[in-house]
Amino acid sequence: EAPVDPKNPKAGKWSFKPRGRLQIDTASVSAPSSIGSKSLGLASEFRRAYLGVEGTIPGNFGYRIEADIANSTIDPTDVYMNYTGIKNVVITLGQHKPFESMEDTESDLFTSFMERGSFNTAFGFERRLGLSAQYQKGMILAQVGVFTDNVTDLNTDSDNSYSIDGRFALQPRLLGGQMHIGGSAHYHDLNEGYATVRYRARPFTHTTDVRFVDTKAISALSETNYGLELAWTGGPLHFTAESQWMEVNRPGGIADPTFNGGYAEAGLFLTKGDTLPYRMNEGAPGRIKPKNPVEKGGLGAVQANLRYDWLDLNDAGVVGGRQQLVGASLLWVPTDYVRFLLDYGHLWVNDAAVLAGTDRSYNADVVGMRAQFDF
Amino acid sequence: EAPVDPKNPKAGKWSFKPRGRLQIDTASVSAPSSIGSKSLGLASEFRRAYLGVEGTIPGNFGYRIEADIANSTIDPTDVYMNYTGIKNVVITLGQHKPFESMEDTESDLFTSFMERGSFNTAFGFERRLGLSAQYQKGMILAQVGVFTDNVTDLNTDSDNSYSIDGRFALQPRLLGGQMHIGGSAHYHDLNEGYATVRYRARPFTHTTDVRFVDTKAISALSETNYGLELAWTGGPLHFTAESQWMEVNRPGGIADPTFNGGYAEAGLFLTKGDTLPYRMNEGAPGRIKPKNPVEKGGLGAVQANLRYDWLDLNDAGVVGGRQQLVGASLLWVPTDYVRFLLDYGHLWVNDAAVLAGTDRSYNADVVGMRAQFDF
Amino acid sequence: EAPVDPKNPKAGKWSFKPRGRLQIDTASVSAPSSIGSKSLGLASEFRRAYLGVEGTIPGNFGYRIEADIANSTIDPTDVYMNYTGIKNVVITLGQHKPFESMEDTESDLFTSFMERGSFNTAFGFERRLGLSAQYQKGMILAQVGVFTDNVTDLNTDSDNSYSIDGRFALQPRLLGGQMHIGGSAHYHDLNEGYATVRYRARPFTHTTDVRFVDTKAISALSETNYGLELAWTGGPLHFTAESQWMEVNRPGGIADPTFNGGYAEAGLFLTKGDTLPYRMNEGAPGRIKPKNPVEKGGLGAVQANLRYDWLDLNDAGVVGGRQQLVGASLLWVPTDYVRFLLDYGHLWVNDAAVLAGTDRSYNADVVGMRAQFDF
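Chains as they are written, first to last, in the numbering used here: chain C, -7 to 367; chain X, -7 to 367; chain V, -7 to 367.
The set of hints was computed from the structure by calculation and includes no laboratory data. Hints may be right or wrong, so weigh each one.
Intra- or inter-copy, both count: the list cannot distinguish identical chains.
Below, in silico cross-link-like pairs of lysine-lysine (DSS-like), each with a Cα-Cα straight-line distance of 27 Å or less [claimed, not checked]:
1) LYS30 x LYS208
2) LYS264 x LYS5
3) LYS288 x LYS9
4) LYS208 x LYS264
As the structure is a computational prediction, the values presented were derived from the model and not from experiment.
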């Protein structure tokens, strides 16, 4: 009995594909001038500049090695090997995403706004070194893994943290479109006698390092978080919504806070025949492929999106602040692998960690642009 | 009306090309021993070690992502996307060169000496993030762009500088060869309440970090620089010359200095049939392709070059020093993508920033060797 | 008379091959708890994550540019150009290994244990910038080169060290297998008025930064080291053994110590028909290619190995400690380019540099696992 699936044509094959992506961002945050930061004006940056490779190795093995050089440093992103020899199952070992949410699982190449929902960064989602298994057959998707730290953090010679992470989704066809109902649950043991966590989020753009909401470092033993996911895409329309709760287990008699965030989004293609694809094996939206791309004389795809996003970092004595956002974005996808994005957001901040004079409650506006390609 | 040029065969095509270069340098500076630096003796280094990719994307888009790893860090070099769908025009967005001079535009793979004319480094020319357009048709070349900082500097969370940069060249056939008459002009606003600039140059080799001439940090609001370019190449001969003026707009009542540098070069091939190519779409010399390369049993190309180079960093109360150089180089190009280079320079320094005992005026000699390949 | 060998089909050819490797390690050191380090428990890391390219250029030139990104930094590994136009000879210029030992020359992809013999790291073997020539014909292998520092160290602007390095091996067929009898000798001038060296080794795993044996920094002018190498591989069996002596030339009247280390190893394939290959042009073991790999329905190759390893850093007044190890490893090679490795070691340490309470002599146990692929 051979461990190799004879129906898998990749079993005996080598393949090799270079990978790259570039996102060039320009954005400006308009906030009360009494904040007095040099960081909130018009600013530009490489949001991401990835280079890497992926491929397959005979015996149903595969790999990806990729890194982000946007900050003039090397930040390893997906760096793993996998095994696809069991039907409907992918086993992955190395640095990859711990299935934290629908939007975190979705590639940053495909999101409807320049940044993901603010809870994704606030709660510290990142790729980490781990071993995971994924099962997908028909409308069922199940992902589970054990993870330790991000490889950059593993370089510090201390005790490694560990986590158990699971995500599940039902993906039926519904009302002439694709439905997604999902959820995830996570337990992360910091594995240090006395450790800290910090939750914070930028104001809808990565070009600034100012965070209006920020719990600052708080003592912690472990984190438990869980999320709910909902999506539907069909024809020119799509809807997505998520919410996630992060519970911090604090040492001794300190009360354990639970922080919450989430978003709800709706999108509409203005160009005829275009739709937002869905990836069954990721449980998340995929790449927009314009029906009439510019290389065939068309205009490409144009999509408008609206989003409400909230993040509440106040609980059990911790006052990290509350942030709400209403955002609008306009995407132009001239061809499958090139994208331009304009977005605008209005923010309401309460109990802010950054004072505007003596004021902890204020509004801000953010305008951003992105040019992007990948291969 | 399709935005895609039907005569452009790349409009609907993907292409992918890996890029790399390695320059291994050994050099020695012979200067008065009273300078007492450990850095001036025989030293070796990787001058450049680039790895990257470039290619095209359907819809007349193109890209390049490349970085220098020679210093055991990641220094992004050309990282951009471009659009070639308009006839004779290239639009580029990302990090690229702001058309500072003829020799700065020329690839470092092709220069006649190990280092470019000293004003190029002294005046801080570097790739920066920007948006530019280039028009070239027949003998006309025009380049114009708006730029902000180098992406590495953009990581610091402060106000971004911006500049407007333009370069123009006439490129007629003349006297049986290729003529180049050009110029460039640049305005760079540092966009900080109180910023500094610093102009300095190494002594004809990059292996040392000692700079005999150096203005040290001086307060500045903005920079205006402009340059003149002249070149002719035909048969075994070529001549190139440039000069550039850098005017510093200093705050308050401080006088605004103008610094100047330049060079004049002549070269001669010793091997029959070889010539220095010229690139119309860059307005600069190109790759030497030996008529009789070693892979066909030939010797490759051998070229001898002479250069006079000057840099004057004394003006309006700033005493950065004056440096003059007479240099000679010998190139051996066994095959198109491999090159060996030996160069020698004699330097005269006045008002030096580095003292030899109590002496601010002295001479130095520099000998250097380079082995290089690229793909 | 053409300098190009007409029998060398690569003389006029371009080639390009991407390179990559990933080693994911998990290990635990069980040592006296009185040592009190957070670094000795269960820990994981990317041991190596290489990306690079190699190829040939017309005219019998070749190149390799590769770097390790495992530590979220860029560490250039092999970065060189070479020339193969002289029969049986390879001339290499750039950063490569200075032929320090058999196991140091062997790729880390092929070693029988997760780490090489402890003298290899203790004595500071690393790739350095140099020019070398290698001759191999039939059973004769001779390697000689001059080297300066590692390119990362060359970035510091001080006097460069230099070394002369030679290695020689006889590689006859013997007793139905492949024999290797070799030796190497090295002189390394630190080329500084007053420099230091430091010899130390991790306890059989790279996941910890604790070194039980460590000379700490000692003043030195130069190093002279020499080694002996012995190996035999045939059928399912192989034996390897090496020893190396490192003599430190210390300034003034300080006595010159000689440190010593080495190992002896035996291995046996448990799967039928498998053997440990030997590379004549490297003078070291090569890649295991399972006779029945998983992609053909087989089990792959399974090999068991035993090793005794010693390191003595006590001499002439320097007390760096003594470390002995008995190790066992089990390799599973499902297909040529994928490998899983489990190893165990028991360590005896005397005169340790790290105290267990007040004790300088103690034992430790190490268990480690590796998953690896390369292309």
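Outcome of the hint check:
Within a single copy, LYS30 and LYS208 get their C-alpha atoms as close as 21 Å, and across copies as close as 25 Å, so both meet the 27 Å cut-off. Taking identical chains as interchangeable, the C-alpha atoms of LYS264 and LYS5 lie at most 27 Å apart only when they sit on different chains, with a minimum of 24 Å there against 40 Å within one chain. Taking the shortest alpha-carbon separations for LYS288 and LYS9, both the intra-copy value of 25 Å and the inter-copy value of 24 Å come in at or below 27 Å. For the homomeric pair LYS208 and LYS264, neither the shortest alpha-carbon distance inside one copy (47 Å) nor that between copies (60 Å) is at most 27 Å.
In summary, the one numbered hint that this structure violates is 4.
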